[in-house]
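> Residue numbers (our numbering), protein chains in the order written: chain S, 1 to 66; chain D, 1 to 334.
Hints in this document: simulated from the structure, not taken from any laboratory.
Check before you lean on any hint, since a few could be wrong.
Here are the simulated distance ranges between beta carbons [said to hold, decoys possible]: (1) S:D53 to D:E302: 13 to 23 Å; (2) S:T14 to D:E107: 21 to 31 Å; (3) S:K51 to D:T280: 22 to 32 Å; (4) D:T22 to S:D53: 24 to 34 Å; (5) S:D53 to D:E149: 12 to 22 Å; (6) D:T22 to S:T14: 50 to 60 Å; (7) D:V141 to S:S34: 24 to 34 Å; (8) S:V13 to D:Y126: 10 to 20 Å; (9) D:N172 to S:D53: 15 to 25 Å; (10) S:D53 to D:R128: 18 to 28 Å; (11) D:T117 to S:D53: 17 to 27 Å; (12) D:T22 to S:K51: 18 to 28 Å; (13) S:V13 to D:T280: 32 to 42 Å; (14) D:K330 to S:D53: 16 to 26 Å.
Nothing here was measured: the structure is a model prediction, and the numbers come from that model.
Where a beta carbon is used, it is the ideal one built from N, C-alpha and C, also for glycine.
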Amino acid sequence: MKEYLKGNYTLEVTIKEPTVEIDQTEAFEKKALSRLGGSICFVSKKGFLWKGDGADGHRTEDRQPA
Amino acid sequence: MDIGRKIASRLKDATFERIAATALANADANRPRIRASILELAGRAFGEGDAAIVIAAGPSLHRRQSLERLKQSGFRGTVVAVDGALGACLRAGVVPHVVVTADPHAERIVRWFGDPTLTAPSTDDYFRRQEMDPQHARDEVGANRHLVELVNRHGPQLTVAIATSASPAVVNRCESAGMALYWWNPMFDDYDRPDSVSRRIHRANGLPCLNGGGNVGTAAWVVTHALLEKRRIGLLGMDFSYPPGTPLTGTQYYPELRELLGERFAEGYISLSNPFLGETWFTDPAYYWFRDVFLEMAQDAECETVNCTEGGILHGERVPMVALDEFLAKVARP
Chain S
1 MKEYLKGNYT
11 LEVTIKEPTV
21 EIDQTEAFEK
31 KALSRLGGSI
41 CFVSKKGFLW
51 KGDGADGHRT
61 EDRQPA
Chain D
1 MDIGRKIASR
11 LKDATFERIA
21 ATALANADAN
31 RPRIRASILE
41 LAGRAFGEGD
51 AAIVIAAGPS
61 LHRRQSLERL
71 KQSGFRGTVV
81 AVDGALGACL
91 RAGVVPHVVV
101 TADPHAERIV
111 RWFGDPTLTA
121 PSTDDYFRRQ
131 EMDPQHARDE
141 VGANRHLVEL
151 VNRHGPQLTV
161 AIATSASPAV
171 VNRCESAGMA
181 LYWWNPMFDD
191 YDRPDSVSRR
201 IHRANGLPCL
211 NGGGNVGTAA
221 WVVTHALLEK
231 RRIGLLGMDF
241 SYPPGTPLTG
251 TQYYPELREL
261 LGERFAEGYI
271 SLSNPFLGET
281 WFTDPAYYWF
291 RDVFLEMAQD
301 AECETVNCTE
311 GGILHGERVP
321 MVALDEFLAK
331 VARP
């Protein structure tokens with residue numbers, strides 16, 4: 001703000017620089033999210049087991065029998 | 001909405017961020033070791049009939065002596081257990097037909113199978129602090145040694161439904177104990193998206209992708225009904241929460257909540273009533289999310305699921321709480 005206040009006059013009020021208010025709760029949540037969570041993903045509305053759509057083929061030719 | 005529920009509502013995306021890189025790296029490392037797909041288990045006769053018990057590793061497993069009661073009942077259906085419950089199962093004389101493992105953690109998960117390399121208490125206090133298997137809290141090294149012996153003895157009897165995300169250490173341990181491994185990919189995201197990670201990993205190894213519901217317990221339930229086609233399923237040890245009086249230091253995410261929320265850490269926990277016991281249990285955001293996801297998935301499952309945990313917070317219209325003995329008596333009838 002100061003760079004714009006270079007007139008040849010004197011203000012009668014004090015101009016305060018704006019401060020950034022950090023939402024502490026939001027910050028906590030963001031940090032927590034990076035550490036919390038599950039061990040496997042969940043995908044909504046995509047069924048339980050996806051076997052491929054046939055166009056993908058099966059990359060099984062290099063497997064040895066169990 | 002309180003902070004615990006707010007966090008829980010955002011854990012779907014956070015889980016992908018948390019595990020995807022490690023899980024994909026493990027899948028890449030494991031690829032040369034894949035011999036069989038989990039699809040080969042479909043149609044196999046594990047136990048009799050269409051009833052199954054899915055065993056997770058929550059504290060009620062010990063509080064209710066669920067495994068001892070299951071053993072005494074002579075249950076003849078299918079038994080599917082998560083990796084964290086394997087030790088308790090074997091100690092109780094319950095040998096699961098299928099063990100499910102998925103978590104990509106590099107050091108911790110192998111301990112559920114007994115780690116032959118452990119000779120002194122770990123610097124990681126997870127196993128002394130966790131609520132899932134109190135044996136490890138009492139005597140970490142001794143419990144591990146006993147588990148190594150048990151798993152070595154029963155390994156050749158065990159079938160493992162193992163995710164490609166599993167740590168190579170877990171693969172080594174399972175193979176060395178003589179277990180039969182059947183592989184699946186975790187579903188990471190919407191496979192219909194052109195840039196889908198799920199589709200990419202499927203193209204790489206040809207394995208099916210299983211929607212795991214956030215945790216291995218839910219994944220075990222999915223294996224049981226969607227793959228093994230069991231139609232009457234009882235859940236054990238599926239607490240997703242902590243009994244009244246559990247010290248917060250003994251909860252799964254205590255260090256993270258303490259570090260990240262500081263003095264407000266207790267606000268991260270959520271209290272819920274258990275109508276079966278008339279008690280109020282509490283949970284953390286991750287477990288609360290697991291519960292919500294399970295109840296959502298149960299809406300679409302082609303099976304009857306009852307929660308025989310006799311504790312915890314998992315209950316809903318499609319997942320009623322039922323006493324274990326009642327479920328066992330019901331499925332024993334022709």
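> Between V13 (chain S) and Y126 (chain D), does the beta-carbon spacing fit 10 to 20 Å?
58 Å, violated
> Does the beta carbon distance between D53 (chain S) and R128 (chain D) stay inside 18 to 28 Å, or does it fall outside?
47 Å, violated
> Are V141 (chain D) and S34 (chain S) spaced within 24 to 34 Å by their CB atoms?
33 Å, holds
> Just tell me: holds or violated, for the beta carbon distance of D53 (chain S) and E302 (chain D) against 13 to 23 Å?
21 Å, holds
> Starting from the range 50 to 60 Å, see whether the pair T22 (chain D) and T14 (chain S) falls in it by beta-carbon distance.
54 Å, holds
> Taking 15 to 25 Å as the hint, is the beta-carbon distance of N172 (chain D) and D53 (chain S) inside that range?
Because 34 Å falls outside the window, the suggested range is violated.
> Please test the hint of 22 to 32 Å on the beta carbon pair from K51 (chain S) and T280 (chain D).
For K51 (chain S) and T280 (chain D) the Cβ distance comes to about 43 Å; the hint is violated.
> Should the hint that T22 (chain D) and D53 (chain S) are 24 to 34 Å apart at their CB atoms be regarded as holding?
At 27 Å between Cβs, range holds.
> For the range 17 to 27 Å, tell me whether the beta carbons of T117 (chain D) and D53 (chain S) fit it or not.
Distance hint for T117 (chain D), D53 (chain S) is violated at roughly 42 Å.
> Quick check: does the Cβ-Cβ distance between T14 (chain S) and E107 (chain D) fall within 21 to 31 Å?
58 Å, violated
> Measuring from beta carbon to beta carbon, are V13 (chain S) and T280 (chain D) in 32 to 42 Å?
Taking Cβ atoms as reference, V13 (chain S) and T280 (chain D) lie about 56 Å apart, which means the hint is violated.
> Per the hint of 16 to 26 Å, is the separation of the Cβ atoms of K330 (chain D) and D53 (chain S) within bounds?
39 Å, violated
When the structure is compared with the earlier hints, violations turn up for hints 2, 3, 5, 8, 9, 10, 11, 13 and 14 and for no others.
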